[in-house]
Amino acid sequence: MDSVAPNKFVVGLWDHEEVYLHAIEHLRHKGVKIYDSLTPFPVHGLDEALGMKETRLHTAGFFFGATGTTLALSFMTWVMTTNYPIDFGGKPNWPVPSFIPITFELTVLFAAWGMTLTYLVRNKLWPGRVPRIYDKRTTDDRFALVFDAESLTDAEINSIKDACKKEGAVDVKDKVFTEAEGL
Amino acid sequence: MTIFAVICAGMFPIFHMGRVWDAPFIFPIPNTRGPLWVNFNSPLLWDVFAISTYFSVSLLFWYSGLMPDFGTIRDRSKGKIRKYLYNLASFGWQGSAKQWQRFEALSLVLAGLSTPLVLSVHTIVSFDFATSVIPGWHTTIFPPYFVAGAIFSGFAMVETLMIITRKLFKLEDYITINHIESMNKIIVLTGSIVGIAYLTELFIAWYSGALYEQFAFYNRILGKYLWAYALMMSCNVLSPQLYWFKRFRRSIPVTFVLSIFVNIGMWFERFVIIVTSLADDYLVSSWAYFSPTWVDWGIYLGSISVFLFLFLLFARFFPTIAIAEVKAIFRTSSEVAKAERAKAEGATHGGFVLKGALDKE
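From first to last, the protein sequence lines stand for chains A and B. For what it's worth, this note's numbering labels the leading residue of the first sequence as 1, then goes sequentially. For what it's worth, this note's numbering labels the leading residue of the second sequence as 1, then goes sequentially.
These are computed hints drawn from the structure, not numbers from a lab. Careful, some of the hints might be misleading.
Per the computed footprint, the stretches of chain A lying under chain B, defined by three or more beta-carbons under 8 Å from a beta-carbon of chain B, are [to be verified]:
# : region
1 : 69-81
2 : 98-104
3 : 132-139
4 : 148-157
5 : 166-176
Derived DSBU-like pairs: lysine-lysine, alpha-carbon spacing no greater than 30 Å straight-line [what the hints assert, rightly or not]:
#  : chain 1 : residue 1 : chain 2 : residue 2
6  : A       : Lys175    : B       : Lys185
7  : A       : Lys124    : B       : Lys170
8  : A       : Lys8      : B       : Lys80
9  : B       : Lys338    : A       : Lys8
10 : B       : Lys185    : A       : Lys173
11 : B       : Lys98     : A       : Lys136
12 : A       : Lys175    : A       : Lys165
13 : A       : Lys136    : A       : Lys91
14 : B       : Lys98     : A       : Lys30
15 : B       : Lys338    : A       : Lys166
16 : A       : Lys136    : B       : Lys338
17 : B       : Lys338    : A       : Lys124
18 : A       : Lys91     : A       : Lys33
19 : B       : Lys246    : A       : Lys8
So these bits of chain B aren't anywhere near chain A, every CB distance computed over 10 Å [to be verified]:
#  : residue
20 : Pro13
21 : Leu45
22 : Leu106
23 : Phe127
24 : Ile134
Idealized CB from N, CA, C, for every residue including glycine.
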């Protein structure tokens with residue numbers, strides 16, 4: 001999203017995911033720019049229909065996990081061999097097999113926390129955030145397409161509205177956000 | 001449920017330390033006692049890492065899945081305070097395509113990470129016993145045996161709570177008899193694995209020729225704790241065998257009663273393992289009969305209360321069914337959708353797929 005978000009939108013609402021997916025394909029084919037898409041649940045095929053790139057969250061998760069592995073192994077090695085070597089009845093000071101459980105746990109811990117925090121930051125989710133709700137029904141049973149109306153002329157807006165209705169939208173409306181608006 | 005149970009599980013070692021205020025030192029934190037670190041060779045320390053990882057990863061998995069549903073509740077709730085609180089809980093969820101894409105990636109990976117964590121946490125808990133030198137504990141079969149036991153008792157506990165919740169909240173269309181039957185199949189499988197583990201333990205104790213090991217098991221079965229062993233065997237190994245019959249697998253009353261039997265049996269499994277081995281150890285002069293004090297009872301009942309308190313709070317204010325997940329499959333898998341499709345196709349299938357027809361109660 002842009003740094004200065006627009007405040008005027010056209011919102012189209014659909015009530016069936018398959019009709020919705022077809023509508024997205026047709027609208028995009030016509031060259032209409034979709035600002036955002038809101039659905040009550042993850043719709044399969046929506047990423048492709050919108051032409052979204054695959055998320056890189058998995059890759060981030062791998063690197064977080066690798067950090068955990070490295071940290072666990074190097075810290076335990078440092079403690080047991082350099083900082084605090086104890087003689088446990090003549091047993092070796094670098095017992096790799098007994099490092100396995102903690103290394104595994106830290107790998108998982110770092111991957112999970114790292115990924116989740118990245119997810120929250122990238123998705124702009126934090127406690128107390130007041131989201132822009134284009135239509136309350138998008139968390140119930142409506143699938144919404146949001147178009148940025150600020151950059152469009154009235155004729156273009158009307159043609160988008162007509163196209164939405166033609167593609168099976170059950171409702172098309174204008175939505176304007178004002179500064180003072182809360183939940 | 002995992003979260004609340006692990007909160008309880010995590011409290012016990014802390015109580016048993018005696019000096020509760022020293023609990024932070026179970027973690028390798030820099031300190032002023034010279035370079036004094038925890039012992040990375042100790043299974044007890046592995047357990048610290050296993051339980052804390054298990055708890056926090058379960059927490060993330062649970063909460064990240066709840067956020068969209070909190071968003072749904074926020075948009076449905078009326079009062080200003082409710083709206084504010086549910087928005088706070090939802091972290092400002094919107095449900096945009098990019099959010100859902102990342103959501104799916106995250107839940108897939110967290111689910112993938114949680115599965116081996118279940119295995120690892122129970123394996124490592126069993127290491128606490130298996131690496132000790134107490135007869136009856138020092139056995140290599142413990143890790144798989146504890147994992148099977150954990151799945152077994154976990155499923156039973158879920159069934160107990162689920163059957164009550166399903167009835168009270170009228171969730172019969174969401175949690176169907178087919179779900180319960182599948183769970184019962186897992187219970188008979190894991191219960192039988194646990195049973196084989198019990199018998200293997202006995203065989204190995206005899207076959208090893210180790211005198212102390214042999215005594216520990218002889219004493220466990222025929223000693224003064226015979227009643228506990230018999231209770232464990234009948235609840236854990238014999239009672240789930242009823243589930244070989246489809247009639248019992250699909251019966252709600254039978255499932256409810258048997259799930260309670262399994263809960264009792266698995267509680268006694270821990271009792272048998274811990275108490276029988278410690279009551280009669282190497283030193284004959286210290287042999288004793290364990291009887292719980294009021295402190296023991298207090299901690300035991302208190303932990304159950306904490307669990308139920310958290311569970312009931314959850315059921316009151318949070319969604320008990322994952323709303324977004326159910327919506328995603330509603331059009332393909334629900335009975336309502338199937339019936340509609342059947343109607344549209346002109347076939348009634350003798351009314352078989354009509355709502356509720358699959359659930360004979």
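Results of checking the hints against the structure:
no.: 1; hint: 69-81; verdict: holds (count 4)
no.: 2; hint: 98-104; verdict: holds (count 5)
no.: 3; hint: 132-139; verdict: holds (count 6)
no.: 4; hint: 148-157; verdict: violated (count 0)
no.: 5; hint: 166-176; verdict: violated (count 0)
no.: 6; hint: A/Lys175 x B/Lys185; verdict: 52 Å, violated
no.: 7; hint: A/Lys124 x B/Lys170; verdict: 36 Å, violated
no.: 8; hint: A/Lys8 x B/Lys80; verdict: 25 Å, holds
no.: 9; hint: B/Lys338 x A/Lys8; verdict: 41 Å, violated
no.: 10; hint: B/Lys185 x A/Lys173; verdict: 52 Å, violated
no.: 11; hint: B/Lys98 x A/Lys136; verdict: 18 Å, holds
no.: 12; hint: A/Lys175 x A/Lys165; verdict: 17 Å, holds
no.: 13; hint: A/Lys136 x A/Lys91; verdict: 65 Å, violated
no.: 14; hint: B/Lys98 x A/Lys30; verdict: 22 Å, holds
no.: 15; hint: B/Lys338 x A/Lys166; verdict: 28 Å, holds
no.: 16; hint: A/Lys136 x B/Lys338; verdict: 28 Å, holds
no.: 17; hint: B/Lys338 x A/Lys124; verdict: 38 Å, violated
no.: 18; hint: A/Lys91 x A/Lys33; verdict: 68 Å, violated
no.: 19; hint: B/Lys246 x A/Lys8; verdict: 60 Å, violated
no.: 20; hint: Pro13; verdict: 16 Å, holds
no.: 21; hint: Leu45; verdict: 7 Å, violated
no.: 22; hint: Leu106; verdict: 5 Å, violated
no.: 23; hint: Phe127; verdict: 8 Å, violated
no.: 24; hint: Ile134; verdict: 19 Å, holds
Checked against the numbered hints listed earlier, the structure breaks hints 4, 5, 6, 7, 9, 10, 13, 17, 18, 19, 21, 22 and 23; every other hint is satisfied.
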